[in-house]
Amino acid sequence: MKLTDQEVRNIAELANLRLGDQEVEAMAHDLGDILTHIEKLNELDTTGVEPMAQVLFAADPTATLREDIERPSLSNADALANAAVSGGGYY
Amino acid sequence: MSIDVASLTMDAIASGLRSKEFNAEEIAQAALAFAEAENPKTNAYLTFASERALATARKVDAAIAAGTDPGPLAGVPIAVKDVIVTRGVRTTCGSKILEHYIPPYDATAITRIEAAGGVLLGKTNCDEFAMGSSNENSAYGPVRNPRALDRVPGGSSGGSAAVVAQGTAVASLGSDTGGSIRQPASFCGVVGVTPTYGRVSRYGLTAFASSLDHIGPFARSVRDAARLLGAMAGKDPMDSTSAAAPVPDYLAALDGNVKGLKIGLPKEYFTGLESETGALVSRAIDALKAMGCEVREISLPHTDYAIATYYIICTAEASSNLARYDGVRYSRRAEGADTLGEMYKKSRGEGFGAECKRRIMLGTYVLSAGYYDAYYLKAQRVRALIAQDYAKAFEQVDVIASPVSPFPAFKIGEKVADPMAMYLSDIYTITGDLAGIPCMSVPCGDTAEGLPVGLQIFAKHFDEPTMFRVADAYERSRS
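Protein chains in written order, with our numbering: chain L, 1 to 91; chain D, 1 to 479.
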């Protein structure tokens, strides 16, 4: 399977990625290789097979929920410690 | 008095602390000094957490002095893959995009390790956002394999495997999405464990592919790995995917008794591998037979579809998980963009390395309008078939054994030009993640060139005790 440069640019646009011209060319080649391999899945008839989205174990439907109890969260200062700029006009 | 960190076991640390041969602070000092001196050889550590390590060690010493139990990991120097967040200690995920990120909180695994007395020594190098099989995708340079410095340590948890092999940590944490613990463990000659999906909380593990990500331990023995897993495992209210199943005493399972256990050898896993690797794995299986295990051939018929399935699911999930690195909420912001959209694209284009971009692109493609059913949904259906293969096999056998990788550690640079060839090297490890079953690598000898090879053991969901029992019995038979 081959992707054109324009198709690669369209995907990059969807992915919010700026790619250089050389990157586009390499990407068209690499994605083409991988998609060719992936076509192998078409050999399999999966009619009636339930898709597996997650590894699930038998449990009560609410077993994964915790009690809704108020807890302290990060302080503003901690939460913003990594921001390059904060305050007026930012956060 | 000098402490030889490279040969310390957890049991030796516990007995040395008890007998006052040394204290935890002395171990931490010795470990930090040794790790800092040795690190230039391998580039396995990215950041040392010296102050934090010494502070934790002093707490352990204070607990001992006060006569309270310092915990099962008391004084044990532990390194952590740089995709697991550590409060106040830089966490880069091997990416330029998080070069200056200092997390404001700890992952649950870290909190639990320190509560058990473990000492966080530092953060280890890895493939960018855990995407890779050789550690060559790190923005901070490749890690060199301590057993052969011109070779890769495997990936993506290459640094975590290397520090344990090099002796610059007694144990370490890695993450495994498609083999990222077991493959580097096999390449570096250490024990590496991928527990059951949900066994260890992922709160604080930087998300790559959420339906496949695991945290797991590396150690120099099965016993130490089992102990470290036991200290981290169990339900966490901060991770709704963490499993509620009780955590058994893993050390109690290490009784050496494997007589009558049934081991399945999947025929699909013994084709296409290098002959020396195959011979070492066969010898390990013979050793298990000699201990009374029953060995039989089984089939996991959908193995051939695993790579295609995996690279759809993991890239789809990654493209979504990595959307948060946008120059606003996280990550460095590119200069000189005129619009918000331009700023996103430029920040991400400059910040991500080639492999991350490739996976984001592939994931975006397979999820895009018109392709979702043909790719993502199809892959989820095939994933169900792969999981069923295991369920059926485990009706006949207790554990499954196979090689970890078709070949031992390869040379740095050897496979970088061909991403597809690199992906294909994950063939024996990714099915374990797709099915969510526990699996591990235990060293089973070296090739003539001195390169380590790993034996892989898979068990049923939550049956880590049987997996550890087999691995430990085998390990004992070798010493």
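Think of the hints as simulated: they come from the structure by calculation, not from any bench.
Be aware that one or more of the hints could be misleading.
What the hints assert, rightly or not - As a list, the in silico SDA-like pairs of lysine to any residue whose alpha-carbon atoms are at most 25 Å apart:
#1 L:40 to D:368
#2 D:96 to L:79
#3 D:96 to L:84
#4 D:346 to L:40
#5 L:2 to D:416
#6 D:259 to D:303
#7 D:41 to L:28
Structure-based check of all given hints:
1. Among the hinted pairs, residue 40 (chain L) with residue 368 (chain D) is consistent with the structure: their alpha-carbon atoms are about 20 Å apart, no more than 25 Å.
2. Straight-line distance between C-alpha atoms of residue 96 (chain D) and residue 79 (chain L) comes to about 21 Å, which keeps the hinted pair within the 25 Å bound.
3. The hinted pair formed by residue 96 (chain D) and residue 84 (chain L) meets the criterion: a straight-line CA distance of about 15 Å does not exceed 25 Å.
4. For a cut-off of 25 Å, the pair hint linking residue 346 (chain D) to residue 40 (chain L) is broken: about 35 Å separates their Cα positions.
5. This hinted pair checks out: residue 2 (chain L) and residue 416 (chain D) have alpha carbons roughly 21 Å apart, not beyond 25 Å.
6. A distance of roughly 29 Å separates the Cα atoms of residue 259 (chain D) and residue 303 (chain D); the hinted pair therefore is violated under the 25 Å criterion.
7. Annotation: proposed proximity of residue 41 (chain D) to residue 28 (chain L) is violated, straight-line Cα distance about 37 Å (limit 25 Å).
When the structure is compared with the earlier hints, violations turn up for hints 4, 6, 7 and for no others.
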